[in-house]
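Protein chains in written order, with the working numbering: chain A, 1 to 177; chain B, 1 to 306.
No lab work stands behind these hints: they were computed from the structure.
It should be emphasised that the depicted structure is a prediction, and the values quoted were computed from it without experimental measurement.
Note that CB positions come from ideal geometry on N, CA and C, so glycine has one too.
Watch out, some of these pointers could steer you wrong.
[Said to hold, decoys possible] 20 Å max Cα-Cα, derived PhoX-like pairs, lysine-lysine:
id : chain 1 : residue 1 : chain 2 : residue 2
1  : A       : 86        : B       : 43
2  : A       : 143       : A       : 125
3  : B       : 35        : A       : 86
4  : B       : 65        : B       : 35
5  : B       : 3         : B       : 43
[Claimed, not checked] Ranges of calculated distance between the beta carbons of each label pair, as one might list FRET restraints:
id : chain 1 : residue 1 : chain 2 : residue 2 : range
6  : B       : 15        : A       : 53        : 43 to 51 Å
7  : A       : 165       : B       : 150       : 19 to 27 Å
8  : A       : 94        : B       : 14        : 34 to 42 Å
9  : A       : 165       : B       : 211       : 44 to 52 Å
10 : A       : 75        : B       : 96        : 22 to 30 Å
11 : A       : 38        : B       : 33        : 21 to 29 Å
12 : B       : 77        : A       : 94        : 41 to 49 Å
13 : B       : 265       : A       : 53        : 56 to 64 Å
14 : B       : 282       : A       : 165       : 32 to 40 Å
15 : B       : 12        : A       : 165       : 27 to 35 Å
16 : A       : 119       : B       : 223       : 47 to 55 Å
17 : A       : 1         : B       : 97        : 48 to 56 Å
18 : A       : 88        : B       : 14        : 23 to 31 Å
[As the list claims (entries may be wrong)] Over the 10 Å line for every Cβ pair with chain A, so calculated as not near, a few chain B residues:
id : residue
19 : 22
20 : 74
21 : 87
22 : 97
23 : 110
24 : 114
25 : 181
26 : 203
27 : 207
28 : 208
29 : 239
30 : 264
31 : 275
32 : 277
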Amino acid sequence: MPVVLDADRISRSLTRIAHEILERNRGVDELALVGIRTRGVPLARRLAKIIGDVSRHEVPTGALDITLYRDDLMRTAVGAQPLIRKTEIPFSIDDKRILLVDDVLYTGRTIRAALDALIEFGRPKAIQLIVLVDRGHRELPIKADYVGKNIPTSLSQSVQVRLSEIDGRDEVEIQES
Amino acid sequence: MKKDLLSIDDLTTEEIHLVLDTAEAMREIGQRPIKKVPTLRGKTIVNLFYEPSTRTRTSFEIAEKRLSADTLNIAVAASSVLKGETLVDTALNIEAMAPDMIVVRHASSGAGHLLSRICRSRVINAGDGMHEHPTQALLDAFTIREHKQRIAGLKVTIVGDLLHSRVLRSNVLLLTRLGAEVCVSGPPTFVPAGIERFGVRVSPRVDEAVEGADVIMMLRIQQERMQGAFIPSLREYFTTFGMTPARVARAKPDVIIMHPGPMNRGVEIASEVADGPYSVILEQVANGVAVRMAVLYLLAGGTEAD
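With the hints as extra help, turn the sequences into a complete structure.
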């Protein structure tokens, strides 16, 4: 199965996105990163590090678990409930520019859930969306502000993002299912 | 998960850990400015309490509301039960209105099991007579794990009215399953026959029982359940079995003191101990909400049978 992004490409994509963030937001004082569990979290941390190195400003970083906001929970009475993990946003999001980070943008339903979840923590000045891969097939009117790579896919394919913090190595692979 | 939570034995050891881990995530919701998630939107939960309760009923209701369920409380004092309706008839009538879950507390052991057999709704036992109170044991385990980072290998001493206590039964099942060493102590009239078979050690002398304990759990003297003279007097009980600072000093230096509430100050526990630095009694109450949210969430999913 083809590897569409290797470790080097992932690293360069994140560096480019970090610079785009700084360019578009003129200053980092109001910025905060929130990664969507699971793989959005290490991506958010990496972006925080790059932005920190470039701007000499520490950007607060949090983790968001959207499971309790999913629109497909409780729709079927089959099988066990999805695992809930901790949401950790150790700062006020009021009047911040929140950079929401996820690995793959697909139907947009995860992002819809994440927006609902975030709004309950306060009233950010703005929310921008960062994804490593945009694979298309949106079911909701949602669009990313920063994209690592657009990868056209068919519905029968799946996109596997692996990150060294979780999977031991960095790569993005497309699989036929 | 099984359809209902009636006893700790309804949970596998893996599921117990899943409840505790899920509760860890649920606790964060209670610290948000808006303490609510939409997860159980559209689910109806009936709290059917045949016995007085402040903590458990409030805790379940807060947990249900934080998950956006529609909740209603049936206080027996203002219901048809006073007109002579039986538990089964009340349950069938509630069931006819198609709730998703029923949380039940009743003075008779096995009341939850009875409802479980006649109701399609999920049933959660919030205390049945002298039998079990599983969510209390789960929140106790959660509190212990938070303080000690583990449960296996800990020495847990449980002191008080062992005979009438559903909290004891659920805790013994849970703590021994997770590998704790459980020691119980109380007057002989309060020690149920054959309790050793559950894998606990009985120590008639409380001073010896608390020696080296990591956790001391006090049980309430349940005067409402006592038929007959179990203890000579409350004052004598306090002298012989009450948890005093001197007794606490025999336990480990980092011991935690627990009590499921409501406390009888000066009977089973001295006020200095209940309000003292080792006491985690109010943390137990706070943790109860997170643990019940976890149970409600996990039970709302599919069952093994589906």
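* Confirm or reject the statement that residue 114 (chain B) sits farther than 10 Å, beta carbon to beta carbon, from all of chain A. => holds (24 Å)
* Holds or violated: residue 86 (chain A) with residue 43 (chain B), Cα cutoff 20 Å? -> With a Cα-Cα distance of about 24 Å, the restraint between residue 86 (chain A) and residue 43 (chain B) is violated, given a limit of 20 Å.
* Does 19 to 27 Å hold as the CB distance between residue 165 (chain A) and residue 150 (chain B), or does it fail? -> holds (26 Å)
* Say whether it holds or is violated: residue 208 (chain B) keeps its Cβ farther than 10 Å from all Cβ of chain A. => Residue 208 (chain B) is indeed farther than 10 Å from all Cβ atoms of chain A, at 41 Å.
* Non-interface label on residue 181 (chain B), tested against every C-beta of chain A at 10 Å -> holds (30 Å)
* Mind verifying the non-interface call on residue 87 (chain B)? Its CB should be farther than 10 Å from each CB in chain A. => holds (27 Å)
* Outcome of range test on Cβ distance (residue 282 (chain B), residue 165 (chain A); 32 to 40 Å) -> 37 Å Cβ-Cβ, so the 32 to 40 Å window holds.
* **residue 211 (chain B) and residue 165 (chain A) - C-beta distance against the hinted 44 to 52 Å** => holds (46 Å)
* Status of the stated non-contact between residue 110 (chain B) and chain A (beta carbon gap over 10 Å) -> At roughly 27 Å from the nearest Cβ of chain A, residue 110 (chain B) sits farther out than 10 Å, so the non-interface label holds.
* To do: May I ask you to check that residue 275 (chain B) keeps its beta-carbon over 10 Å from the closest beta-carbon of chain A?
  => holds (31 Å)
* Once the closest CB in chain A is found, is it more than 10 Å from residue 203 (chain B)? -> holds (39 Å)
* May I ask you to test the hint 56 to 64 Å on the CB atoms belonging to residue 265 (chain B) and residue 53 (chain A)? => holds (58 Å)
The earlier numbered hints that this structure contradicts are 1, 19.
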